[in-house]
Each structure stands twice: as structure tokens, then as C-alpha cells.
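Enquirer: Each chain, letter by letter, is given below.
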Amino acid sequence: MSDAGVLNLVLFLPLLGVALLVAVPAGNGALVRALSLAVMVVQLALTAWLYVRFDSRVAGLQFETRLPWIAAWGVSYQIGLDGYNVLLVMLTAFLGPLVVASAFTAITKDVKLFYAMVFAVQFAMMGTFLAQDLFLFYVFWEAMMIPMFFLIGIWGGERRIYATIKFVLYTAFGSILMLAAVIYLVWSLQKTTGIASFAFADLVKSRLPLDVQSLLLAAFALSFAIKVPIVPLHTWLPDAHVEAPTAGSVILAGVMLKMGTYGFMKLGFPLFPDATHLYTPILMTLAVVSIVYGACLALVQDDIKKIIAYSSISHLGYVMLGLLSLELIGIQGAVIQMVSHGLVAGGLFLMVGMIYERCHTRELRAYGGLAKLLPVYSVFFMVLTLASVGLPTTSGFTGEFLVLLGAFRAAWPLHLAGDNLPLALTAVAVTGVVLGALYMLRFALGFLYGAPAAPHQPLVDLGAREKAILGVIVAAVFALGLFPDGPMQKTELAAASYRQLVSTSRLPGSPP
Amino acid sequence: MNANAVLTAMLPEHLLLLGIVVAIGVEIAGQGRKLSFAVALATVAAASIAAALLALDGYAAAPFAGQFSVTPATLLVKAMVLAFALPVLLMSRDDFEGGEFAILLMSSLYGACLMQSADSFPTLFLGLELMSLPVYVLVLLAYQRPQSAEAALKYLVLGGTATAMFLMGASLLYGTTGSLSLGVFARALAAPDSLSRAAVVLIVLAFFLKAAIVPFHAWAPDAYEAASVPVTAYMATVVKAAVLLAVVRLFGGATLTSPLLELVAALPLLSIVWGNLAAMRQPSLRRMIAYSSIAHAGYLFYALLGDPAGRLQAVAFYLLAYGLLNLLAFAALPAAADDRERDRFDNLRGLFHRAPFAALMLGVAMLSLAGIPPFPGFVAKFLIFRNVMAAGHTTYAVLGLIGSYLGIYFYLRVIQVMFMSPDAAVAGSGPSRPVAVGASLACLAAALLLVVFPGWVIARM
Chain R
1 MSDAGVLNLV
11 LFLPLLGVAL
21 LVAVPAGNGA
31 LVRALSLAVM
41 VVQLALTAWL
51 YVRFDSRVAG
61 LQFETRLPWI
71 AAWGVSYQIG
81 LDGYNVLLVM
91 LTAFLGPLVV
101 ASAFTAITKD
111 VKLFYAMVFA
121 VQFAMMGTFL
131 AQDLFLFYVF
141 WEAMMIPMFF
151 LIGIWGGERR
161 IYATIKFVLY
171 TAFGSILMLA
181 AVIYLVWSLQ
191 KTTGIASFAF
201 ADLVKSRLPL
211 DVQSLLLAAF
221 ALSFAIKVPI
231 VPLHTWLPDA
241 HVEAPTAGSV
251 ILAGVMLKMG
261 TYGFMKLGFP
271 LFPDATHLYT
281 PILMTLAVVS
291 IVYGACLALV
301 QDDIKKIIAY
311 SSISHLGYVM
321 LGLLSLELIG
331 IQGAVIQMVS
341 HGLVAGGLFL
351 MVGMIYERCH
361 TRELRAYGGL
371 AKLLPVYSVF
381 FMVLTLASVG
391 LPTTSGFTGE
401 FLVLLGAFRA
411 AWPLHLAGDN
421 LPLALTAVAV
431 TGVVLGALYM
441 LRFALGFLYG
451 APAAPHQPLV
461 DLGAREKAIL
471 GVIVAAVFAL
481 GLFPDGPMQK
491 TELAAASYRQ
501 LVSTSRLPGS
511 PP
Chain B
1 MNANAVLTAM
11 LPEHLLLLGI
21 VVAIGVEIAG
31 QGRKLSFAVA
41 LATVAAASIA
51 AALLALDGYA
61 AAPFAGQFSV
71 TPATLLVKAM
81 VLAFALPVLL
91 MSRDDFEGGE
101 FAILLMSSLY
111 GACLMQSADS
121 FPTLFLGLEL
131 MSLPVYVLVL
141 LAYQRPQSAE
151 AALKYLVLGG
161 TATAMFLMGA
171 SLLYGTTGSL
181 SLGVFARALA
191 APDSLSRAAV
201 VLIVLAFFLK
211 AAIVPFHAWA
221 PDAYEAASVP
231 VTAYMATVVK
241 AAVLLAVVRL
251 FGGATLTSPL
261 LELVAALPLL
271 SIVWGNLAAM
281 RQPSLRRMIA
291 YSSIAHAGYL
301 FYALLGDPAG
311 RLQAVAFYLL
321 AYGLLNLLAF
331 AALPAAADDR
341 ERDRFDNLRG
351 LFHRAPFAAL
361 MLGVAMLSLA
371 GIPPFPGFVA
381 KFLIFRNVMA
391 AGHTTYAVLG
401 LIGSYLGIYF
411 YLRVIQVMFM
421 SPDAAVAGSG
431 PSRPVAVGAS
441 LACLAAALLL
451 VVFPGWVIAR
461 M
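If you read the protein sequences in the order shown, they are chains R and B.
Here my numbering is used: the first sequence runs in plain steps of one and ends on residue 512.
Here my numbering is used: the second sequence runs in plain steps of one and ends on residue 461.
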């Protein structure tokens, strides 16, 4: 099979998984679990194979498939790997088996439906990253919401209905305006250039006046910013995270939040460069507000899931900052930060799930001295905490450091030219690192040290399955922290192309 | 007029007529329900296939010039409307005792087909009435309770009002132009004189009433609720489709201009918003679908804002997706001892655990009706709003899309009720309905084809 064929297989494997699950006789939970894990592992193996085969010296799409879908409108089924999505696709495939394995003991109700929904969301997320056609992208983007709605709504906590409806209503509102913008963008491209196409490669040929660009960017940005989420559009996130089952939280924090930043990087900013340039100060301010505000809120939470939820808002603010810096190093840092956050926050949510399975409470106050009660658990927890704080040698350090470096590099010349805002914002963003250390260490301190306390004692330390899940994550965190070269090389050309696209004016009359 | 053209062009109608005669004969002979059911099923299937085959053959003829004509496009929409009736028939098998249902259904279908070929106001009127009158009876059939009579009467009176408005408008047009041809309407759209304008407004309002556009919608929830499930499905799909397709035929190649443009945009927009808002508070699926269909009628009228060349395509594709998924939902609805109790949300609670298949089917239908991709309702919505935007009505398109956002909640609420709520205390399940389940599976298969090959279907419409 050709590499492009393998990529299609990677995309559609989860659907195959759903078909297999349907065939399993009801009540056979063990078989459902084993089958789900096997499908996810195969997907990971195939993705890893493509990741290795991915040539970092080639700009543009690799392993591309393009078939007409709705020929009359220029819609095609077009997928492929490029520097923008290769790491995120790898991340999605990497977390898949972990998500499945983490739910082995936690999910006992409607097991078949649960894994079918996990497959559905995996399929939609893969599709969103791989899509190279705006119509296809939108279909996957929106479709992602449905399995998540089920995951939170059926297997979530007490206020799950409220949380899941809120999640859908937020997400769908952003999407509906994006849909209007998509229709307008494609139609105006057709009107002005005669090209009827939804392909990303064709959409950058559009020439739009500044006011239209601004409106379209606003519509796209609203949708993406809700997903990231950027303050003040973040209020769905803590609810969704707190109520979601562990697997749902991991999917949400690990991959789905990156959809927003990926959307900005792949579509939002490159499609409307002039509007992006105009609104960079506002967007940058919002990014920094998210960093600081998210960190401050994380500092005062008593629900351990909420701490990580708010920390996600803070960490993704860095991604936005890196993307807006338009410095190669900052852009690459942003991509590394996306992957790093996926690993670290995903891992932390898994750990919260593990302790919740044992003690059935998420209140920080109920815990203490877990270092004595659960030594193995505590070691893993400490490692992930330090990665979240950004300790050198972990992935968290690489991402945040590069982003801040890029932001300073971009801000300094502006400062010399008399524009102090970027420099001031960057300086404020640095405080986020300190705040990050504060809230995570407060969390770890209360959790692991002090007088031993935990409901439902005696506690059993991690089993082999749990150790394996966390071991894999921790290994990945260190791998990305110690050897960021490989992944960064794969994104280098994409970062350059992103910078070039966002720096080129595309007002009417500008050269093609 | 040559006999051959009369025979071929009206083949679907002739087949229906034949079926009606046979079914009446069966009824007179007292052969019972099973046979008339089979006759109706075979008739409608044959008529639908005949229309589709003629359409694919590229057949076009005008056997009665100026009154009745067929083109591949009209034959295709006839095939679609007739095909919608098949699941209705299948799901009705367990609901109706006598053979009247089959006879009335086929008569109504005859009218629905006639409307699609009408070239003059009298033919259109004939089709409209022939379609509507049996439905008034169908609402009451096999369903005797006081509220049904009230709802059917309301439906009848308001239907009569619509007819009167339609005839008044047509006669005004005849008065100003001396012609009863449908083409007169398209020309009157651009005419500045008040008589033409009054005629146009009367006719448009008549169709608003028939399609249940706010503020002429009040009959729909009552009628939908009063009818038994198959009849509700028939009203929501076949009748709605026939009316909307006739509207597209009526408007022909005319581009809308102010002030009619505002009328055709504002009331449907209001329908979208109000239909979606009111649907949130309904206690049963039938009432909810009634309000949802009010909103969907809004989207469909929106298609008139688009370029005339793309109207039929947009409306037909939308109706195809909308009709299939509505039928899917109604056919999948699990049986209960009492028809009234079948679709109450209280009784659908926790349905997934009692009847997972039905719950999944209904779930797919709800998501598609909400216009959420990848389900076919999304492509349909996209097509309509794309045309509206391409015609330059960006503001209306954005407002319509925001209106459609309001609809997401109540569709998801059905899923929430079925999947996420504690089980309802339903004493046992009703009899199994293999035929209806088969119908829902067929609809699902068709919907899936629409998901995978939307381009193929769009290219042929």
C-alpha cells in the first residue's frame, strides 16, 4: 500500500473500529476493550510509520489524496500531512490507545457505545487535522462536537447534562458564524478569480478588502477562540472538564483544545493576513490575559480537575503568543507547546482520573501526604507537575521557552521603533511562568505532602496498566524535552510558510 | 395532443389512478386491509420508478399545452415525492384497519404529482386541492378523540382560507393580464401596479399558510399532533415537499425584488427563529417536529432569495435530506399500546436501554435535522445558504444561519432524553414493527448514500 493509502487507513481505522464493535455480542466488555485498544494501537503504529517517513525537507503536502466530492462546488476529499499537522496527528494517534486503556476500569456502563464514541471523536479529530479542503475541514470540525456531547452527557459527573449542553451551545455558536464566513469566502473567491474551490491552497489566492477580511477573521476567530479557549470565551471549559469522564477530559485537553490554535495557524491568520496584522495587538493582549487569568484562577481552585482545566487556558495562551510573534522560533515553539500541553495535561487528567477512581472526590482539601500512601503514583505526578511548570529537560520547558524567546525577538525591534505594547505584553506573559510554578506546586504540595489523608483508605498504588500508561506519557514528555530537534525540523518549513503567508498583504490588487 | 404523450407523460398519475380504482374495488369486494395495502405499495413504488426512469431517460413533453407539462426535473421531483410515500405506507401497516388509508393516500399523491407539472392556475389549484382534501380526512382517520376533530377542523378551515386567497390572487392576475398561465405570476412579480402586487401577495400568503410559515403556522402543531404517526410523517414530508416544489415552479425564473423580497425573507426568517424557539418547549416528538418543520419551511422559502437557476436544485436537495430523515425518525419510533403515548418525551426517556436501534435511528435523524455534519441535512443547509449569499443577501444569510443555531438545542434534547436520562417507567414494550423498522433502515441507507455521494445527487438535480 502506498503511503497515501496508509494515511487514509489511519483516518478511517476508527470507523472500522466502530464497525467491529457493532459485531461484538452485547455484554462482552472484555472483548470490546481489547478490540478497541488493538485498533488504536494499529492506528498509532501506522501513524508512527508515516511520521518516520515524513520528509522534513519537503515543503507542502505529503502522502496527499485528492478526490472530487461535490464536484459542482469544487469540494474535494483532500487529506495529507504537512509541517502544520504532522506533530498534532502524531499526538492524536499517541493519545488514542492511552485514552482507551484508561477507561478499562472506569467505564462500566454502555461500554460498547462508549468506545464507539471514542472512535468517532478520534476519527473526527484526525480528519480535522488532515483535511486540506475547507469544506471537509468544517465537516470534521463540527462533527467532533457530537461524540464529545455523548461522552460528557452519558458518562460524565453529576452536572453532566448542563456541562455537555453548554459545551455544545458554545461550540456550535462559533461554528455557525464560521460557516457563514466559509460560504462568503469561497463565494467571493469564485466571484473574483473564477476558481470554485475549497482547497486551502486555492483559498490563499483570495483578495479581500480590509473590512471584509476583518469580519471573516472575526467569524473564524470566534470559533477557534472558543475551542482554544481564549478568555473571555472560556467558561464552558471548566464545566466540561469537571463533568467529563477521564477519557473525555484527556481527549478534550490533549487534542481538542489544539484544534483552536491549529485553526488559527492553518486558516485564521494565513487567510486574512491584513486583518490579522491590524488586530494583532488585541489578539496578543487576549492571549496574555488568558495566560495570566487562567493561572490566577488555577491558583485558587479546590477542585483538582479545575486546576488543570484553568492551567490549560494559561498554557494555550502561550501558543497564541508564539503564533502571533511571527518569529520562526516562536512559531515552532508554539507547535511544540501544543504537543507538550497535550501530553502533560492529558497525563495529569489521567492521574486525576486514577485517584478519583480510588477516592471518588476531586476536592484538593480531602487529600494530603499521598507521597507516603501512593509512592509510585506520586513520582509520576511530580514528574508531570514539573513538566507542566516547565522544568528544563521536559517538553514544557522547550515550548514555553521558545515561545517567549520568539515573542521577545519580535517585540524588541518594535520597542526600539517606539511601540512598547508587545514588549510589555511579553513581560507580563513571563509572569505566567512564575504563576504556573505557584499553582502547580501548591497543588503538588497539598496533594503529595503534609499529613497523609485520603478518603477510602487503604489505597492501592498504581497497577501495571496504569504504570504503563503513565510511563509512556512520561517517556514522551522527556523525549520531547531532551530531543526537540527531530520534531522541530519537521515543522520548520511549515513555520516559515506560515510566517510568509501572514506577512504578505492580500488586499485587492496585491500581486499573486 | 397525441395519445402517446398523454399516456407516457402522465404515467405516474395514471398508475396512481389505476391503483386507486383497484383499491376501491378491493374495498368493495371486502378483501380486507392486507390486499389494499399491497396494492397501494405496489402502485406508489411503480409510479415512483416510472417517474424516475422517465427522468433519467430525459423525457420531456407537454401533452396538454399550457396546462400540464413534464421535464426530467419535474419527473425527478415527482419520483422523490412518491418515494417519500413508501416509508409512510410501510409504517402505516400496523396502524390502520380499513383500506381507506391507502385510497386517500394515493388520491393525495395524485394531487401532489399534478402540482409539479401544472402550467396554469386551474391545474395547480386542482392539484393543490386534490392533495389537501384527503389529508383533512387522514388526520381524523382511525383516531377518534375530541382534539383530533378540532385540529382537523382548524386545518380544514385554514386550508380553505389558503385556497380562497390563492383563487382570489389568481383571479386578480387573470383580471390584469387575461391569462391563467403560471408564467403570469413571474411577470407580475416585477410589475409595479397595485393590482398585480395584491395578487402576488395573496398567492404568496396562501402558500405561506400551506407551508405553515409564521404567523400562519398555528394549525400545524395541532394537526401534526392530532394525526397518527404515519399521517404526521406524510404531512411533514410529502405535503411539505409538494407545496414547496410548487412554489419554486410558480416563481420560475423571476428574481425577487423589493418589496416582495423583504416579505419572502422576513416571514421565513421569523419562522426559522420562532419555529426553533417554540420547538424547545414541546412535550412530544410530533409537536416538536411540527415546529421544526415550520423552521424548515423557513429555510426552504429562503431558497427563493437565491439565483433562479439554482432554486429547484437547492429546494429539491433540501427536501430530500429533510424528508428522508423525518421519515427515518417516524418509522423508527417504537411502538406503544396507545398511539398518543408513542412519541411523548416522557416515554422516550432512556430509550437507548430499551430499544437501542430505535434510539440510534432517532439520534441520527435529530442530528441531521439540526444540520450538523456529516449528516445530509448539513449539505442541504449549506446549499441553500450558499445560494442566498451568492445572490448578495449576506445579511439575510447570516441571520438565517444564526436562526438555525437556535434549533440545535431542541434536537439535542431528544438525544439527551433518549441516551442520558433515567429510564422511563414504561410497562413493557409495544408490539414489534418489523415493516416500519425496515422502512427506517431503507431511509438510513439512502441518507448514508447522500452523505457519501452528495455530489452525484446534486449533479442530477
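Derived from the structure by calculation, the hints contain no laboratory data.
In this text the structure is predicted, and so the values were computed from the model without any measurement.
Please note: incorrect hints may appear among the correct ones.
[Said to hold, decoys possible] So the derived list for chain R, only partly shown, Cβ under 10 angstroms to chain B, looks like this: (1) Ala19; (2) Pro25; (3) Trp73; (4) Phe150; (5) Val168; (6) Trp187.
Each residue gets a CB set at the ideal place from its N, CA and C atoms; glycine is no exception.
Enquirer: Determine for every hint whether it applies to the structure shown.
Expert: A quick look at each hint next to the structure:
1. For the restraint placing R/Ala19 at the interface with chain B, the shortest Cβ-Cβ distance is roughly 13 angstroms, beyond the 10 angstroms limit, so the hint is violated.
2. Interface hint status for R/Pro25: violated, as the beta-carbon distance to the closest one in chain B is roughly 13 angstroms, over 10 angstroms.
3. This hint holds: R/Trp73 has a C-beta 7 angstroms from the nearest C-beta of chain B, less than the 10 angstroms allowed.
4. Against a cut-off of 10 angstroms between C-beta atoms, the interface hint on R/Phe150 holds, since the closest Cβ of chain B lies about 7 angstroms away.
5. Satisfaction of the interface hint for R/Val168 is found here, the shortest Cβ-Cβ separation to chain B being roughly 6 angstroms, below the 10 angstroms cut-off.
6. Nearest Cβ of chain B to the Cβ of R/Trp187: about 5 angstroms, under the 10 angstroms cut. The hint holds.
Of the numbered hints stated above, those contradicted by the structure are hints 1, 2, listed in ascending order.
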